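Undergrad: Protein chains in written order, with our numbering: chain A, 1 to 834; chain B, 1 to 187.
Keep in mind that the hints were calculated from the coordinates and are not lab data.
Predicted model only: the values in this text are computed from it and were never measured.
For each residue, glycine too, the CB sits at the ideal point set by N, CA and C.
A few of these clues could be false.
Unchecked claim - So, partial list: chain B residues that the calculated Cβ filter (under 8 Å) puts toward chain A:
1. L30
2. M122
3. R148
Each chain is listed here by its residues.
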Amino acid sequence: MNSDCVVVMGSNMAECHPVAFQWVVESQRRGGKLVHVDPRFTRTSALADLHIPLRAGSDIAFLGGLIHYVLENHRYFRDYMVNYTNAATIIDEHFLDTEDLDGFFSGWNPDQGMYENRTWQYRGGSVWAAAGQRTAPPPQGEGVVVAGEVPFEDPSLEDPHCVFQLLRRHFSRYTEEMVERACGVPAAQFRRVAELICDSSGQERTTCFVYAVGWTQHTVGVQYIRTAAILQLLLGNMGRPGGGILALRGHANIQGATDIATLFDVLPGYLPMPMAQDATDLDGFCRPHGGAAGGYWGNLKAYLVSLLKAYWGDAATADNQFAFNYLPRLTGDHSTYQSTLGMVDGTVNGFFVLGENPAVGSAHGTLHRRGLRNLDWLVVRDLYEIETASFWRDSPEVAAGEVRSEEIGTEVFLLPAAAHTEKDGSFTNTQRLLQWHERAVDPAGDRRSELWFAYWLGRRIREKLEGRQLERDRPLLDLTWDYPLEGEQQEPRAEAVLREISGVAADGSPLPGLGALRDDGSTSSGTWIYCGAFAGGQNQTARRRPHWEQSWVAPEWGWAWPMNRRVLYNRASADPSGQPWSERKRYLAWDPELGRWTGPDVPDFPVDRAPTYQPPPGASAENSLPGDRPFVMQADGRGWLFAPSGLLDGPLPTHYEPQESPTHNPLYEQEANPARQLFRRPDNPYHPTAGDEGADRFPFVMTTYRLTEHHTAGGMSRFLARLSQLQPEMFCEVSPELAELRQLRHGGWATIVTARASIEARVLVTARLTPLRVQGQQVHQVGLPYHWGSRGLVRGDSANDLFPLVLDPNVHIQEVKAATCDVRPGRRADQVPS
Amino acid sequence: MPFEARRWPVWRQITGRDLLGLGGTSTSTLTEGRTARTASADRVATSICPYCAVGCGQLVYVRQGEVTQIEGDPASPLSRGRLCPKGAASRELVNSPLRELKVKYRRPHGTSWEEISLDSAMDMIADRVIATRDATFEEVDQLGRPLRRTMGIASLGGATIDNEENYLWRKLMVGLGVVQVENQARI
Numbered sequence: 001m002n003s004d005c006v007v008v009m010g011s012n013m014a015e016c017h018p019v020a021f022q023w024v025v026e027s028q029r030r031g032g033k034l035v036h037v038d039p040r041f042t043r044t045s046a047l048a049d050l051h052i053p054l055r056a057g058s059d060i061a062f063l064g065g066l067i068h069y070v071l072e073n074h075r076y077f078r079d080y081m082v083n084y085t086n087a088a089t090i091i092d093e094h095f096l097d098t099e100d101l102d103g104f105f106s107g108w109n110p111d112q113g114m115y116e117n118r119t120w121q122y123r124g125g126s127v128w129a130a131a132g133q134r135t136a137p138p139p140q141g142e143g144v145v146v147a148g149e150v151p152f153e154d155p156s157l158e159d160p161h162c163v164f165q166l167l168r169r170h171f172s173r174y175t176e177e178m179v180e181r182a183c184g185v186p187a188a189q190f191r192r193v194a195e196l197i198c199d200s201s202g203q204e205r206t207t208c209f210v211y212a213v214g215w216t217q218h219t220v221g222v223q224y225i226r227t228a229a230i231l232q233l234l235l236g237n238m239g240r241p242g243g244g245i246l247a248l249r250g251h252a253n254i255q256g257a258t259d260i261a262t263l264f265d266v267l268p269g270y271l272p273m274p275m276a277q278d279a280t281d282l283d284g285f286c287r288p289h290g291g292a293a294g295g296y297w298g299n300l301k302a303y304l305v306s307l308l309k310a311y312w313g314d315a316a317t318a319d320n321q322f323a324f325n326y327l328p329r330l331t332g333d334h335s336t337y338q339s340t341l342g343m344v345d346g347t348v349n350g351f352f353v354l355g356e357n358p359a360v361g362s363a364h365g366t367l368h369r370r371g372l373r374n375l376d377w378l379v380v381r382d383l384y385e386i387e388t389a390s391f392w393r394d395s396p397e398v399a400a401g402e403v404r405s406e407e408i409g410t411e412v413f414l415l416p417a418a419a420h421t422e423k424d425g426s427f428t429n430t431q432r433l434l435q436w437h438e439r440a441v442d443p444a445g446d447r448r449s450e451l452w453f454a455y456w457l458g459r460r461i462r463e464k465l466e467g468r469q470l471e472r473d474r475p476l477l478d479l480t481w482d483y484p485l486e487g488e489q490q491e492p493r494a495e496a497v498l499r500e501i502s503g504v505a506a507d508g509s510p511l512p513g514l515g516a517l518r519d520d521g522s523t524s525s526g527t528w529i530y531c532g533a534f535a536g537g538q539n540q541t542a543r544r545r546p547h548w549e550q551s552w553v554a555p556e557w558g559w560a561w562p563m564n565r566r567v568l569y570n571r572a573s574a575d576p577s578g579q580p581w582s583e584r585k586r587y588l589a590w591d592p593e594l595g596r597w598t599g600p601d602v603p604d605f606p607v608d609r610a611p612t613y614q615p616p617p618g619a620s621a622e623n624s625l626p627g628d629r630p631f632v633m634q635a636d637g638r639g640w641l642f643a644p645s646g647l648l649d650g651p652l653p654t655h656y657e658p659q660e661s662p663t664h665n666p667l668y669e670q671e672a673n674p675a676r677q678l679f680r681r682p683d684n685p686y687h688p689t690a691g692d693e694g695a696d697r698f699p700f701v702m703t704t705y706r707l708t709e710h711h712t713a714g715g716m717s718r719f720l721a722r723l724s725q726l727q728p729e730m731f732c733e734v735s736p737e738l739a740e741l742r743q744l745r746h747g748g749w750a751t752i753v754t755a756r757a758s759i760e761a762r763v764l765v766t767a768r769l770t771p772l773r774v775q776g777q778q779v780h781q782v783g784l785p786y787h788w789g790s791r792g793l794v795r796g797d798s799a800n801d802l803f804p805l806v807l808d809p810n811v812h813i814q815e816v817k818a819a820t821c822d823v824r825p826g827r828r829a830d831q832v833p834s
Numbered sequence: 001m002p003f004e005a006r007r008w009p010v011w012r013q014i015t016g017r018d019l020l021g022l023g024g025t026s027t028s029t030l031t032e033g034r035t036a037r038t039a040s041a042d043r044v045a046t047s048i049c050p051y052c053a054v055g056c057g058q059l060v061y062v063r064q065g066e067v068t069q070i071e072g073d074p075a076s077p078l079s080r081g082r083l084c085p086k087g088a089a090s091r092e093l094v095n096s097p098l099r100e101l102k103v104k105y106r107r108p109h110g111t112s113w114e115e116i117s118l119d120s121a122m123d124m125i126a127d128r129v130i131a132t133r134d135a136t137f138e139e140v141d142q143l144g145r146p147l148r149r150t151m152g153i154a155s156l157g158g159a160t161i162d163n164e165e166n167y168l169w170r171k172l173m174v175g176l177g178v179v180q181v182e183n184q185a186r187i
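Looking at chain A on its own, in the form it has when it is part of the complex (with noise of 0.2 Å):
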């Protein structure tokens, strides 16, 4: 609303997000542009002011187009850049670029395929990263930026060791004619883009990035993101009203999933779960990951013990380190797909989906029922019987006559479960912001809520082995496991679990917020991150003002974290001495006679920390940052241009070909992103690469997509008769020029193959897609929506049975965006290869 300019990138907003697309269309209202940048021409684009459509797999050129032309045409925002960013900071001297090495940084170690990352450090010491790669071994420098200490910086930009110098020359490259020839963007489309956007950034005003799983789901994902940080950063455009970089999420509460936390590799508040190699003590474990350094992250050892004392209560005691041994320990990547790889090779046997569809929803499903075929047992929870639960009966490997039902050795239990209209709970949306739904009507028959099933499975499981006195069965028995029950299904009380989330003091008291916290065990709280969710003993989440009756922020809807703010980082909407930087983008501002922050929003450190602030010797965590430095998760509380730590595949982004791409990297020697996570096996196998022998059998680049009137993998949209009606058949997506040279009808089928699944769709041809000159040769794309499966009112082929297991190293996501495939006329020949 408050953007001067938006750019959607990785995403249809208008399509997947359209009551949050009503925002881009007031920022319009108010004079503010939008500029569409995707392979696609879809209803964002008919609303963009410029569409620009690029190959799927090159944003990183793009973006980094977009830097080159800022840092050379000094369109940065230098006040802001000098002051809240690392490109005053000086890197060590051995650190060598990919202009260097083509394609690689320094610390590239090719018999473990990874990088150790001793030459990416500051000058000086080294740092932590705030969040991100915890399974990696931390920096092994000379020594760590803790709290206090100052890397060497240039505010003079000049030093050749120092982050600007290096991000200038790293994108000294990606130029508009590189744009031309990777992205297939003319370069005086791209131009506008980039004056467009520089127009609309610095003192006076903001743009902000949007964008959704188009930027994730490749086997560099995490660096697209970085690439939109560091033009952020560059421009000035983070933490205040009308910038940012916001993410759009596709399920109602991935956010809060991922917060608290059902992933392997984080406790709730994105703790780091411990490794084998890790310390068994608490200190020697804490310290090494972020506990002894500046910003937030200095506090970890608060907020583990108060999560330990939440687990565990009164048997987590200072004598038994708070029961951190209870701690189960990792050993690598444990993330979903190596689950799936386990299940087909045997060592996964048991098997809980709760409200998910992997048979449909991830890459490689074929492999995903073999892996579901191969289980002792399977737990599905969901509403409806979806493909993930059914796989033994109808998947289209038993339809195909490939396998007899009798032959799947699979026992399966699907569970109903009750809907969100069923039950009292907490959903995190996409913006951090915590909401509650209230159970409007019991759950009828044997659908129970999560809650119900985690709490109920727990105590029948506590109760069979209270007997047997077994080590190993001590952090399930001292669990603290005690809620009120409510109603004739014995239902827990969710706020009492939310109570403990947010938590309580050695008293019982609920705590205000997250500054509350001690490493004493005096506090407990189960998500440091949610801590004063239940403030004042109050459901914070519950929260609903109507807007009309408080500011624009809104800050009495719901409650968001941490500590209810709404624009993280907003320090830096006001300038290193606390006034804002513009009226126009006037937000949190210090009042000298006051002593205080004031504006509409919660400051991101203590309300009367003064600009001129300076740390006093000794100062710890957050206390360690002067007062102007906004970023406060950061060791040293500023915008990493450069990321020393945290990255697996290096600390600035760099134009990586897709695993399967028609065209050679026109960068580097490297193709692909040297550290993703490749599975080589027979039963995944990978197409050649441009140029190799038999790449010429898949010629075309197609990407995934969602629609409006479906919901991810279908579960809860293809059972529904009103949507699917709305979008009764699987489709593919195809231009004009390809139909013709692939005889495609309009209305009539294509079939897609890959070497992975041959799947077959009704054809759609478009003007919406338009084949690329890229590299001299003409790229065509073959867009298709994901939502189908043997099951619903409404059947279609999956179109993520197409795609390889090939990821992200970061953070394990596959490459679903960009692949190549081959399109033919007609029906596929009814058999699902083998």
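Fit chain B to the supplied structure of chain A, relying on the hints for placement.
TA: Okay, now just chain B, sitting in the frame of chain A:
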């Protein structure tokens, strides 16, 4: 002209001042006698749309223990009363006759679903968890470092359920030593 024909909405549209039928002429004697489901509700629960993460506000209208209507909540600063086609279809999501009501069980090598009670299912699942956990439990790694876990069990899903549910589920999994706990963040 008989009285009934003059009451015909199209006739009134043409002869009246409401050519587009956006005003009162779209009503008839029949529709005038009807009450909106929102008006006849016993109570209204506040809710949030269960589809994507925009978090649009919903109002859930309940009559005699049944959800009769779900509308956008105009008070929400995020959505201002609007819902997309999916959010607008959420009454069908919760009321659909295709929704599962009873536990379904498929025995190994079985060719059809069987019905079992929720209580038996819970008991059987608890037994399966204990057996698989015991069979695959790892106390230490090859170097003797503690692991305290099982790699024989995995869990997937969390983005469609509540924070409190995710929290309690992860807590249970940590207690059991199940480390392969994942959600939709990777899709």
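Undergrad: Hints the structure violates: just list their numbers, smallest first.
TA: Hint 1 contradicted; others consistent.
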